[in-house]
Structure formats: C-alpha cells, structure tokens
Amino acid sequence: MQTPFLMLSTIAWRNLWRNYRRTLIMLLAISVGVWAMIWMTALMRGMVDQMIKGSINNLLGHIQIHAPAYRDDPSIVNSIEPPGPELTDSLNRPLIKAWTSRIRVPAVISSERESRGVTLVGIDPAAEAALSFLSESITQGSNLASADAPGVVIGRKLAERLETRLGKRIVLVSQDSDNTVVDRGFRITGIFEAELQTTELAYAFVGRDRAQEFLNMADQVSEISLISDDYRNLTHLLENIQATAPDLEVISWDQVDPYTGSMLAVMDGFILVWIIVVFLALSFGLVNTLAMAVFERKRELGLLQALGMQPGYILLQVLIESVILLLLGLLAGNLLAWLSIVPIQDGIDLSAIGEGLELAGMSSILYPVVEFSDIARANLVVIVLGILASLLPALRAARHVPVDAITRP
Amino acid sequence: MYSVSCRRLCKTFQQGELAVHALADVDLDIDAGGFVCLFGPSGSGKTTLLNMIGGLDTPSSGEITVAGQRIDQMKRAELARLRLKHLGFVFQSYNLIPVLSARENVEFVAQMQGMGAQQRKHKALTILAEVGLQGLEDRRPAELSGGQQQRVAVARAIVSGPELVLADEPTANLDSATAEILMKLFVQLNQQHQTTFVLSTHDNLIMNYARRLIKLRDGRIVEDIDQT
Ligand SMILES: Nc1ncnc2c1ncn2[C@@H]1O[C@H](COP(=O)(O)OP(=O)(O)OP(=O)(O)O)[C@@H](O)[C@H]1O
Ligand SMILES: [Mg+2]
Numbered sequence: 157m158q159t160p161f162l163m164l165s166t167i168a169w170r171n172l173w174r175n176y177r178r179t180l181i182m183l184l185a186i187s188v189g190v191w192a193m194i195w196m197t198a199l200m201r202g203m204v205d206q207m208i209k210g211s212i213n214n215l216l217g218h219i220q221i222h223a224p225a226y227r228d229d230p231s232i233v234n235s236i237e238p239p240g241p242e243l244t245d246s247l248n249r250p251l252i253k254a255w256t257s258r259i260r261v262p263a264v265i266s267s268e269r270e271s272r273g274v275t276l277v278g279i280d281p282a283a284e285a286a287l288s289f290l291s292e293s294i295t296q297g298s299n300l301a302s303a304d305a306p307g308v309v310i311g312r313k314l315a316e317r318l319e320t321r322l323g324k325r326i327v328l329v330s331q332d333s334d335n336t337v338v339d340r341g342f343r344i345t346g347i348f349e350a351e352l353q354t355t356e357l358a359y360a361f362v363g364r365d366r367a368q369e370f371l372n373m374a375d376q377v378s379e380i381s382l383i384s385d386d387y388r389n390l391t392h393l394l395e396n397i398q399a400t401a402p403d404l405e406v407i408s409w410d411q412v413d414p415y416t417g418s419m420l421a422v423m424d425g426f427i428l429v430w431i432i433v434v435f436l437a438l439s440f441g442l443v444n445t446l447a448m449a450v451f452e453r454k455r456e457l458g459l460l461q462a463l464g465m466q467p468g469y470i471l472l473q474v475l476i477e478s479v480i481l482l483l484l485g486l487l488a489g490n491l492l493a494w495l496s497i498v499p500i501q502d503g504i505d506l507s508a509i510g511e512g513l514e515l516a517g518m519s520s521i522l523y524p525v526v527e528f529s530d531i532a533r534a535n536l537v538v539i540v541l542g543i544l545a546s547l548l549p550a551l552r553a554a555r556h557v558p559v560d561a562i563t564r565p
Numbered sequence: 008m009y010s011v012s013c014r015r016l017c018k019t020f021q022q023g024e025l026a027v028h029a030l031a032d033v034d035l036d037i038d039a040g041g042f043v044c045l046f047g048p049s050g051s052g053k054t055t056l057l058n059m060i061g062g063l064d065t066p067s068s069g070e071i072t073v074a075g076q077r078i079d080q081m082k083r084a085e086l087a088r089l090r091l092k093h094l095g096f097v098f099q100s101y102n103l104i105p106v107l108s109a110r111e112n113v114e115f116v117a118q119m120q121g122m123g124a125q126q127r128k129h130k131a132l133t134i135l136a137e138v139g140l141q142g143l144e145d146r147r148p149a150e151l152s153g154g155q156q157q158r159v160a161v162a163r164a165i166v167s168g169p170e171l172v173l174a175d176e177p178t179a180n181l182d183s184a185t186a187e188i189l190m191k192l193f194v195q196l197n198q199q200h201q202t203t204f205v206l207s208t209h210d211n212l213i214m215n216y217a218r219r220l221i222k223l224r225d226g227r228i229v230e231d232i233d234q235t
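Protein chains in written order, with the numbering used here: chain A, 157 to 565; chain B, 8 to 235.
Isolated chain B, as found in the complex:
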C-alpha cells in the first residue's frame, strides 16, 4: 500500500508574464513506512512537492492520494482534518505560535486531536526531552535559539504519532550532533511505528539515513535511488 501517490502532478506559478513550472509531470509513489529524502538545488521544487502532499497548496493539474484519500479536489476544511489526523508537518522556517511556550506549542496539536490533558502533557514533556529540550519546556519561542525552535517544531509534528511526517529541511538550523539525534529519533519512529517520512534536505548526513533518495531538478524527478 502506498502512503503517498502522485500522478502527472503539475504546479505552475504565474509570476507576472512568466510561468514558473515548479512541478512538471511528477509521478511518485511512496510506500507506507517508507523513509524518503528529497534533494536537489534550490528552486527545484522540494517545498512545492511537500506542500502538495500536505494539502497546503493545490496542484495545477494531476492527482494526489494521501493516506488512501484523493486530496487534490478536497475542500479546505477536509484538508485541515486530514492534516490533523494523519500528518505531521515540519516547515522550513519553524513557525511556532509565539504566545505559547514550547510545551504548549507541542500540546496544541494534541489537544485539537482530542487528547486528554494528562496524557498530552506527559507526551509533550517526553518528546521535548527526546529532542533535547529538557528544562526549556516553559520558554516562549522568542526565548529559544533557532535550532531549539526547530526541535520544538519537530516535537510538535510527531507528538500525536501521525502516519506521515513531512519535514522541509528539518535540520537546516541544527548543529550536526543535534541533527543526528533528531534523525535517530525519526528512524526509531519509522521502525517502531511504521511512520512514513518524507524529508527534504541539502545535507548529506540526512541523506545517509534515508532508504530512498529522490533528486529533483526544475520540477522534475531526475533520479530515484534505492539505498536499502
């Protein structure tokens, strides 16, 4: 069974007179439980592809199926529900809610999913400890470094055990030691819970952890490497 499936996926941005083909005829199947890394030069369409899969942006044409549901025609509210139930998102910029502490940021998603107060507090603290933020739980984003904020964002994405985690350059702001901790955590989740991971990166270290590497250039898949 596929976790993600794209058919003839196109996304064209109109920039004045100019049409930018951010994705051009992408066909892609990702197995459930897969660990996939997207790479390629800047502007090659990594973020665009992740946004399409996450239902944040709608394709110009083509089909996308995520968690067994066609999402390319879905309504805004349905997409939000899908993200909440099945997806964890780590954005290229951390995007935390500034008025909430690290723990509250993590708990927020769990609460929307209906997790009880005790359980979500416990989970949030555990996960924050796992990403190395013990003792910083009650700080607001503004009181955390870029790397620390990124780790909070990762904790938020995985707290409720989603089926699919989409992470856009999750280690861009981390030192290599922390990056490694994070990747090990991802691998662990992937192995224990069959969580599917789709990451994008410029970092070779991360690519080493992936079982499948997909190279994009000018909105097309130019290489698809099996690393198992």
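So here's chain A without its partners, still in its complex pose:
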C-alpha cells in the first residue's frame, strides 16, 4: 500500500478549517503560551543578567585571586606579591579580556565634620577602566589620571554624608603592614555616581602606587581581578590560573559573592515554575480541545479503517493534523515573541518603579536576554504536549472501529 500522504495532509488541512473557530482558539492558546514562555523568560533572564553584570562591574570581576586568608580577614596582612612572570603570562592569554591588581583595605574617611567607614581601593585607573564602573561614572572633577595620581575619588552620596565636596581635602585612616595606624590627607579630585547608593557610600578610590606607599606595603596588592568573555563558563579558566598560582586562592565571582551567584539558580527555578504554570494553562485548553477534536471524529476515523486504511495511518492522519496546528501556533507564538522583544531590545526604562528595583540591586533599565535554549524549550514543551494530547485519543480511535455507528444508521 502506498502512503497516501498527500491525501492525508489534504484531509488534515481541511479538517482544521471545518471547525475554524475552535482551530483559531487553539492557535491562540498555543501562540500565547509559547509567547508567554519566551517573553517572560527573556525578561527574567535580562533582569538577572543585569543584576549579575552590575555586581561584576562593582569591583567583583569574573575571577578574583588573593591570599588564602584574605576573604576571612580582608586586611593588609593578607596581601600578595604582584603577579610573577608565570601568572602574568597566564593572565595575558586571549581568553581574558582584562585584568588588574588592586589594594583593598578597610579605612575610615573623615572630613572636617563627619567620619565614616569605607573600603579604601587603590587602583591602576588605566587597567581598571575595562573592569569596573568607575571610569564611566565620574560626574564631577575627573577620574584618577594614573596609579600614582595624588587625589581621591569618592561617591556623591558619601560626599554628601561627609558634608564635603569636590576640591576639599579628606583624611583616610587605616593600618599599615606593621599594624600601625597611619593617616594621610587627600584632595577630592573626582566624584562618581553609581546605580546604587550603597556603592556611592562604599568606596574611596586612590592611585595604587600612592596606596602602597601610604600603607607601607612596597609593591604588594590585595587582589587580582579579571574578566573573561562569559561569566557563566569559568571552570576551565579557573583551573588553568590556579595551576600557575598554586599558593593563592583563585575563585569565581559567584563564590566571592554567593548571594549574587545564587541568582542564577533562583532564576532557573523561577523560569521552571513559569513554564509549569503556562504548561498547566495550556494543558487545560489545548489537551482538552485536541482530545475532543479526535474524539468527535471517532466515527470518521473508523470509516477510514473500514475502507481499508491501516490502523497506523489513522494515527498518522491525526498526527499530521495536530502537527500542522501546532506548527502554525508555534510560528505565530515565536513571531509574537520576536515582535514583542525587538522593540525593547535596547532596554525598557523601568524608572517609574525604579526605586523598588534599585533596592533589589538592579538598574532601572531592563534588557531582555533571549537564549536559544529557552526558545527551544518553549517550543518543545508545546510540541510534545500537543502530540501526546492528540495521540492518546487517536490510539484509542485506531484500536476500535465503531461498527455500529458506521453500519447501523
């Protein structure tokens, strides 16, 4: 017997438009379901991606290298030597987009009116520019010109709290490498603004060479920070760097900042829950209607068999019909997703609700992130669900010919 594929497809296609209202409703359900999965996932991914990138930008980097005890006690005694030739080679590999070394110690900053605890950060501004927010966030004065530039750069909010401003002097107090309290005056040469107030309050940036001199630490540094091309895929790089610096702690951003690191897992959980919600909604609509559509035509499907069609082709007939419907729905759903994501590709401004978002550690502009695997998953969920929903009643239809209905009117 020849597979009457074309004939089956013709019948399937015409059957779909026989009850066009139901077909349109199913198309709507499928496309909205797929759209909802893709769109929401893209927004959620965008949100989390934003949060993580914000943290990475906030002196976190992708990978940090420090003395093994530094994380427990981030003080000057746990400093490291600047990278030797082997580690430098390793850091200069093409996979690493940028790296820098920093001083990072607790300090007290005082104006003539107020004092506050901050983190004193000694940077090499040229190298730092590729790694963190500072160079793009200066709103008054200028960034530090070099590692031995004389001034200090602080956040706008910190200046406000200290009741000081650009051009004024402040004093930084910390402990040097001999545990002696040292202090030194710096002129404020730059003010930065950050997405988050906490960032503006947290740091005082000075030149790295100046910091080393001030803290009597020769050419030692607190940490080395680097970024590669993808923050999600660091295992290999971590191992390679660790091999060239066996005595140091080499860890990824999500270990340094487990809270932000957990966001990835939390988001995957959210996405899963969302997919289950859409899946359930679809199940009620799609599964019922598809099953009904097959059930209603039990007699016709039986007739095909009575005319000599193999039971297997009855399944094929139903399958073709559902697949056409599903593909049309998926096409519309993906198109809808594309249409709703393209206009907000360059970010949607959420500043109206921005205050709340900032508290959650996010910036107020949201960029959707579309991942191929999310699209594939959304489509797969619908296809599998749809085929199962129509195949099960079709199997029953193929197994039982309603003889009475066909031969006894």
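It is possible that part of the hints are untrue.
[Stated by the list, open to error] Heads up, simulated SDA-like pairs for lysine to any residue below, C-alpha to C-alpha not over 25 Å straight-line:
#	chain 1	residue 1	chain 2	residue 2
1	B	Lys-82	A	Leu-548
2	B	Lys-82	A	Val-559
3	B	Lys-92	A	His-556
4	B	Lys-92	A	Val-559
5	B	Lys-92	A	Leu-471
6	B	Lys-128	A	Gln-466
7	B	Lys-82	A	Leu-459
8	A	Lys-454	B	Ser-108
9	A	Lys-454	B	Ser-152
10	A	Lys-454	B	Arg-146
11	B	Lys-92	A	Leu-459
12	A	Lys-454	B	Pro-105
13	B	Lys-130	A	Gln-466
14	B	Lys-82	A	Arg-552
15	A	Lys-454	B	Gln-120
16	B	Lys-130	A	Ser-165
17	B	Lys-92	A	Asp-560
18	A	Lys-454	B	Gln-99
19	B	Lys-128	A	Trp-169
20	B	Lys-82	A	Leu-551
21	A	Lys-209	A	Gly-503
22	A	Lys-454	B	Leu-107
[Claimed, not checked] The calculated label-pair distances, taken between Cβ atoms and stated as ranges, are:
#	chain 1	residue 1	chain 2	residue 2	range
23	B	Gly-123	A	Trp-494	35 to 45 Å
24	A	Leu-428	B	Lys-82	37 to 47 Å
25	B	Gly-121	A	Trp-169	15 to 25 Å
26	A	Asp-424	B	Gly-23	52 to 62 Å
It is worth saying that the hints were derived from the structure and are not from the lab. We put the CB at the ideal spot given by N, CA and C, even for glycine.
Mind docking chain B with the ligands on chain A? Use the hints.
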C-alpha cells in the same frame, strides 16, 4: 471455488442482561462470481452478516473464509489490508468523508491501493458519470442529496474493481429509476469482471436482479432460493 464461506457462524450481542442472537449457526457458501441478495425483516441480521463477511466485526464463534483466507482470527491490520485489496463496501448510511469532494472520496480508496494519479482521476470521473453524477464531481457530500451521496458511496466501492462487493441496502435512498441504473451497473460488473455481489435489501426490484436470494429471520437462514 467459493468467494465467501461461513461455517456455524454465530454472533451474540450482549444488551445488558439480554443476549441478542443476531446470527445463529449460519452456514453459507457463495460462489465466486455470484450475485446474492439477503432479505428479511428488520433486525433479522442482514447487516450483521455483511459486517462479519467484511471483517468489520468479529464472530462470537464459527469460521469465515473470504477470498481464500480465514478471516475470523485475523488481526485488525490484516483485515484492513484484505478489505483494501479484495472488498468494496457500501454501507447502509453512505459514510462519505465530509471534507473531500465526490471525486476525491472515490479516488481516496484507489490512491490507498497505489493507483497512479492520472489513472485514478480518469477512473473516478468515469465511474461517477456511470452512476449519473456527471457535473457534481467537485461537490462535497453536504452539497449532495441523500441519493447522490449513496451513488458516490457505490462509485467508491467499485472504483478499484474489487473481487467482492458488499452492499447494505444500496438503493434505500434512491428513486426507482436511479436504483435500476445502479443495479444494471452491478450486473454489468458481475458479468464482465466476475465480481461477486452480496447485497441486502427490502426492495423487490433489487431481488429481481439477484440470481440467488437468501432470507434471514432471527439470525438464521430460513430460505435459500436459486433464481437462475
Ligand atoms: N451493537 C449491538 N448491540 C446489541 N444488539 C445489536 C447490536 N447490533 C445489532 N444488534 C441486534 O442484532 C440484530 C440484528 O441486527 P442487524 O442490524 O443485523 O439487522 P438488519 O437485518 O440489518 O436490520 P435492518 O433491516 O433494520 O437494517 C437486531 O436484533 C439488533 O437489534
Ligand atoms: Mg441493516
């Protein structure tokens, strides 16, 4: 050689507590090339017998041989293949595929049998013309009268030249003129191609065309009349 052969054929339907003996111990041989008409009151078992012969329903007990093959133990897929290859079926209600036009309904079976596109189109049009449906080939069943639909069903049953045609009251919805045309077509096929016909009817006109008449009552053969 027999085209159809039944031995001690029984079919019992269970209706709640009640057992309905739709066929009881039917022994029947139909020669290849025969032209047989089943008649008898409503509920006598005509449709049940035709369904058994066509392999649409399985007997409660007994043996059936059709086209040289025992079909009472056959699997569903084998039965479907047998129907496709050897049988043409006209049902008591016309049972057309609603989304296909008259011509497509007729071509459908021919296509499943592997007939080429040109040939089956030609055949379908010829046969539809023979049953008097010229000009209506592209109408869907819903756009045809009951009698016209019945004729499409007949055309579908004979398009591929089956060895055996089973027709359950094929003229029930036809006016006598059309019924006569149809019967003449059957007789012609029977004589030219030795197609075996087993019909059921309440209509005397049809019985006149048959060479053998079998009367059923309460699931038993009560008369077997040779009309040749
Ligand atoms: N599925 C069924 N369940 C119970 N009884 C049935 C079933 N199908 C048929 N019967 C019974 O079997 C008997 C024979 O039915 P059948 O349809 O073969 O009669 P028939 O001779 O074709 O009648 P008609 O001339 O009205 O078409 C009837 O008594 C009928 O009620
Ligand atoms: Mg009947």
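Evaluated hints:
1. B:Lys-82 <-> A:Leu-548: With a Cα-Cα distance of about 21 Å, the restraint between Lys-82 of chain B and Leu-548 of chain A holds, given a limit of 25 Å.
2. B:Lys-82 <-> A:Val-559: Judged against 25 Å, a Cα distance of about 16 Å means the pair holds.
3. B:Lys-92 <-> A:His-556: Judged against 25 Å, a Cα distance of about 21 Å means the pair holds.
4. B:Lys-92 <-> A:Val-559: holds, 20 Å
5. B:Lys-92 <-> A:Leu-471: holds, 21 Å
6. B:Lys-128 <-> A:Gln-466: Cα-Cα ~23 Å, so holds.
7. B:Lys-82 <-> A:Leu-459: Answer holds: Lys-82 of chain B to Leu-459 of chain A is near 17 Å, not above 25 Å.
8. A:Lys-454 <-> B:Ser-108: With Cα atoms ~20 Å apart, Lys-454 of chain A and Ser-108 of chain B stay inside 25 Å; holds.
9. A:Lys-454 <-> B:Ser-152: It holds: about 24 Å lies between the C-alpha atoms, which stays within 25 Å.
10. A:Lys-454 <-> B:Arg-146: Satisfied, since the Cα-Cα distance of roughly 24 Å is no more than 25 Å.
11. B:Lys-92 <-> A:Leu-459: It holds: about 16 Å lies between the C-alpha atoms, which stays within 25 Å.
12. A:Lys-454 <-> B:Pro-105: Since the Cα atoms of Lys-454 of chain A and Pro-105 of chain B sit roughly 13 Å apart, the hinted pair holds (cutoff 25 Å).
13. B:Lys-130 <-> A:Gln-466: Status holds; Cα separation ~23 Å.
14. B:Lys-82 <-> A:Arg-552: Holds, because 16 Å separates the two Cα atoms, which is no more than 25 Å.
15. A:Lys-454 <-> B:Gln-120: holds, 23 Å
16. B:Lys-130 <-> A:Ser-165: Judged against 25 Å, a Cα distance of about 22 Å means the pair holds.
17. B:Lys-92 <-> A:Asp-560: It holds: about 23 Å lies between the C-alpha atoms, which stays within 25 Å.
18. A:Lys-454 <-> B:Gln-99: Roughly 18 Å separates the two Cα atoms, so the pair holds.
19. B:Lys-128 <-> A:Trp-169: OK: Lys-128 of chain B and Trp-169 of chain A at ~21 Å, within 25 Å.
20. B:Lys-82 <-> A:Leu-551: holds, 16 Å
21. A:Lys-209 <-> A:Gly-503: Between Lys-209 of chain A and Gly-503 of chain A the Cα gap is close to 15 Å, so the pair holds against 25 Å.
22. A:Lys-454 <-> B:Leu-107: holds, 17 Å
23. B:Gly-123 <-> A:Trp-494: 35 to 45 Å: Holds: the Cβ-Cβ distance is about 44 Å, inside 35 to 45 Å.
24. A:Leu-428 <-> B:Lys-82: 37 to 47 Å: Roughly 44 Å apart at Cβ, these two residues keep to the hinted range, so it holds.
25. B:Gly-121 <-> A:Trp-169: 15 to 25 Å: holds, 22 Å
26. A:Asp-424 <-> B:Gly-23: 52 to 62 Å: holds, 57 Å
Hint check: no violations occur; every hint is consistent with the structure.
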